[in-house]
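There are 2 protein chains.
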Amino acid sequence: MSTEEKKGKVSWFIFPAVAVIVFILGLLASSIMERRVESRMIYMPKEKMDQFEPRNEKWGKQYPNQYDTFMKTAETSFKSKHNISSRDDMLEKNPNLVILWAGYGFSKDYNAPRGHSYAIKDIRETLRTGAPKSEKDGPMPATCWACKSTDVSRYMNEKGITEFYQGKWAEKGHEVINPIGCNDCHDGDTMALRISRPALLEGFESMGLDLSKATHQDKRTLVCAQCHVEYYFKDQYLVFPWSKGTKAENMEEYFDEVEFADWVHPLSKAKMIKAQHPGYELWKEGIHAQRGVSCADCHMPYVSKGGVKFTDHQINSPLAKINRSCQNCHRQSEAELIRSVASNQDKVYQLKMSAEKILVKAHLEAKAAWDAGATEAEMAPVLDYIRHAQWRWDYATASHGAAFHAPQEVLRILGTSIEKGSEARRLLTGVLVSKGIKEVDYPDVSTKEKAQKYLGMDIEAMKKAKKEFLETLVPEWEKKAKEREATYGDKKPMTKK
Amino acid sequence: MSTEEKKGKVSWFIFPAVAVIVFILGLLASSIMERRVESRMIYMPKEKMDQFEPRNEKWGKQYPNQYDTFMKTAETSFKSKHNISSRDDMLEKNPNLVILWAGYGFSKDYNAPRGHSYAIKDIRETLRTGAPKSEKDGPMPATCWACKSTDVSRYMNEKGITEFYQGKWAEKGHEVINPIGCNDCHDGDTMALRISRPALLEGFESMGLDLSKATHQDKRTLVCAQCHVEYYFKDQYLVFPWSKGTKAENMEEYFDEVEFADWVHPLSKAKMIKAQHPGYELWKEGIHAQRGVSCADCHMPYVSKGGVKFTDHQINSPLAKINRSCQNCHRQSEAELIRSVASNQDKVYQLKMSAEKILVKAHLEAKAAWDAGATEAEMAPVLDYIRHAQWRWDYATASHGAAFHAPQEVLRILGTSIEKGSEARRLLTGVLVSKGIKEVDYPDVSTKEKAQKYLGMDIEAMKKAKKEFLETLVPEWEKKAKEREATYGDKKPMTKK
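Each protein sequence line maps, in turn, to chains P and G. Numbering-wise (numbering that gives the first Met the number 0), the first sequence opens with residue 0 and increments by one. Numbering-wise (numbering that gives the first Met the number 0), the second sequence opens with residue 0 and increments by one.
Since the hints were derived computationally from the structure, they do not count as laboratory data. Treat the hints with care, since some could be wrong.
Identical copies go unnamed one by one, so any copy, or any two together, can satisfy a pair.
[What the hints assert, rightly or not] Calculated cross-link-like contacts (lysine-lysine; reagent style DSSO-like; alpha-carbon spacing at most 30 angstroms): (1) 80 <-> 243; (2) 78 <-> 283; (3) 273 <-> 356; (4) 268 <-> 437; (5) 466 <-> 167; (6) 304 <-> 320; (7) 308 <-> 320; (8) 360 <-> 246; (9) 360 <-> 268.
Looking at chain P on its own, in the form it has when it is part of the complex (with noise of 0.2 angstroms):
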């Protein structure tokens, strides 16, 4: 065979393979650039979103993949170490709480938490919230609602933020509808992270901080710490009092200096503050904020799906996720890690039951002081020290996850809590032993129905009203809500003020 010909033959297998080829890098080539026509479907929406478009579907139409796992927060099926699951009905697990939070609304309901999709249904089914039958009625004011949904920000620019707070809850109940989504972290024309809630801001501004100047890993905690924190309503109008700063003791100066009180304690007559959830406040205290980690690094870890990674907005614990949120910086084992994190939760359970018992029996003491005829001068200082007691052991365990966000700072803090709440009981030793009573005959107050049949609680009424309730104003606020919103269209519902 000459050289010619021999040119020709390998020429004959060269074709084939080069067709081949080119056929392989072809279909390689179209894959990349569906890969990003999704990535452009994901992060390049058809159209901007008008911010206060309340609707969290509207906004999923074109942000899918964030939208299908922030739907994911209605899953309730993880249980913590501890073996508390979501919706657990935390006053029958814990009967110390009705004792300490008699005559407010936590007494008569408080259950674990669950997922933001659940908001809105979840504050008008719990016994706190009462049995409205008018927009004048009820319990509660209407600033309630402010961390609920993606309503208040379209009403608040609507008719105003000191118009929102206003009134009883019961008369914004047709307006405050869609469960918190995605106006409340995000700006629709940009996506970029935005604060919609003004008591954030007026919160920073109250420490001289300037909020203008956060960098987006800020906001990543910042979008969190416009609910998740401390707050109280001065004349209705929802306040963070952090002026004197975010510890315990700074807010406890600060609620002292106003003289704020949630409410009287019927049992031993003090002034109480009700810690909300100061989940950010606390979380400052911690390591993981100290270095640097946002809330949404552990609760918002990123997923891989196709051609694109994007912020799992299925917002819950990073221990049902522990692959995607520690890992991505410890090197222990998801056993080692849960090891880790339950025995600073074990630590910190031992002192809050601690000084849950001690603040029981404050309270009883305390009335049975009164009953054996205390003056208020033998009794202002067991009140005072009962009032900060119970506010840094509430404090210290009300937020969610705190004694892994701060495991010092807690236990500090509920070390505190133990000194005071003791010292309490010291003097109510001393003023009951002097009126000649050396036993102090505690009522059974050992489960959640005896406890608040103890403080004159008729919970099935309050049931029955809560169902009547649902049945009768609650349908009448959708009605409402749905006529509002079908004006709207797929149109703006208004534009930006």
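With chain P's structure known, arrange chain G on it following the hints.
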């Protein structure tokens, strides 16, 4: 120029170039050889050491780098963030301690710790060991020497373990001369780490654990755990009270069960337990232990010198050498790491001071109750609470670096100390008020001098006696010891039993 000529010219350039390169390579090889010799000098001693050779300087001849750094344990320049230096008078800095330890040696004299090389000097000089005039004199048993010297295992090998623990402290004064050093942790044959103290082996045995399976990394902690632990004297025999576990509650239960008391408090009459320095036990509860970090990893990080890397034997605070200790794993700046540690120390300090103040008052109020005619039955529960509260406070704070090693555990224990101490005070208030005492007339114990005077302690007399002891008996010990050591020559002091 012909090609041949050109080649000739090139050769003239190449020849000197090659010569220079070869010369440099030669230097390099020589340097490498030198380093090798250096490292052989370090790691392969001229002769094996007898593991009972107590004189550190003999070992130092073979291991100059380790010895030189060990000699630096004499340095006392490091100051903690809380402004405590080696040898600071802790009773002066914190007069609470005088009351808490009233009736016990530590109320006489208690200084901040300093390096291993001061072990003999400091135990002779402290007022706690008294001023014996003869072998049969003084407040302390021979057991007190057990952690102070390389002569301990020498003596134990020669005469027996029980024999070592027998007699008065003064009886062994001439036997125990060399400060803590090489043979305490090293096997003379192999330089491997070895456990020289029977108490540690017995302590592990009591927990059903076998130290023969300990790894080298385990031993980098265990050699320290020979001394930096909680212990007590069971008829002068040194025992680690670990059979129920090493947590504060475990050992408390142990001591209660064997009805052990270190002393009876002269004010409250409570049967007290003195926590020594449960450093190992607390380290076990912390994150560094749980991640496999040994004592030596942080307190004895490696250093490079010449051709060798060796373990820094200047055993001191890792905060004095953050770049070589913490920063092996942690990427944060030195300032940030210190801030982080100090933040835990501050929290622990707060609860520690609370627990102390409660306990000081409890002792004083208990005395007032006894003085007012309180009965044994009335006081029994009070004294139990005081015993347990003070044990926990002491356990949590007595060991070096507790707030670093296990801040959560320390805060937890202090929380329980506050709880129990407060409960003692509450019961005391009941007893006192029932006897007509509404206000206790507390003595002024706000300084070391005032507190010691209140307790009737004549510190000047103690100091005078101590001076005499140091000027008379100690020189005799030194003389006897020198005579004994002179018989060793440069040979092994004795053969292995």
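Evaluation of the provided hints:
Taking the shortest alpha-carbon separations for residue 80 and residue 243, only the inter-copy value of 26 angstroms comes in at or below 30 angstroms, while the best intra-copy value is 36 angstroms. With identical chains, the CA atoms of residue 78 and residue 283 are at most 30 angstroms apart both within one copy (26 angstroms) and between copies (29 angstroms). Taking the closest pair of Cα atoms, residue 273 and residue 356 come within 30 angstroms of each other both inside a single copy (17 angstroms) and across two copies (29 angstroms). Proximity of residue 268 to residue 437 under the C-alpha cut-off of 30 angstroms is found in both arrangements, the shortest distances being 22 angstroms within a copy and 24 angstroms between copies.
For the identical chains of this complex, residue 466 and residue 167 are intra-copy neighbours only, at 19 angstroms inside a copy versus 81 angstroms across copies, given an alpha-carbon limit of 30 angstroms. Taking the shortest Cα distances, residue 304 and residue 320 sit within 30 angstroms of each other inside one copy (16 angstroms), while across copies they are farther apart (46 angstroms). In this assembly of identical chains, residue 308 and residue 320 lie within 30 angstroms of each other by CA distance solely inside one copy; the values are 16 angstroms within and 42 angstroms between copies. Taking CA atoms no more than 30 angstroms apart as the test, residue 360 paired with residue 246 passes in both settings, with 26 angstroms inside one copy and 29 angstroms between copies.
When the C-alpha separation of residue 360 and residue 268 is checked against a cutoff of 30 angstroms, the pair qualifies both within a copy, at 14 angstroms, and between copies, at 29 angstroms.
Checked against the numbered hints above, the structure violates none of them.
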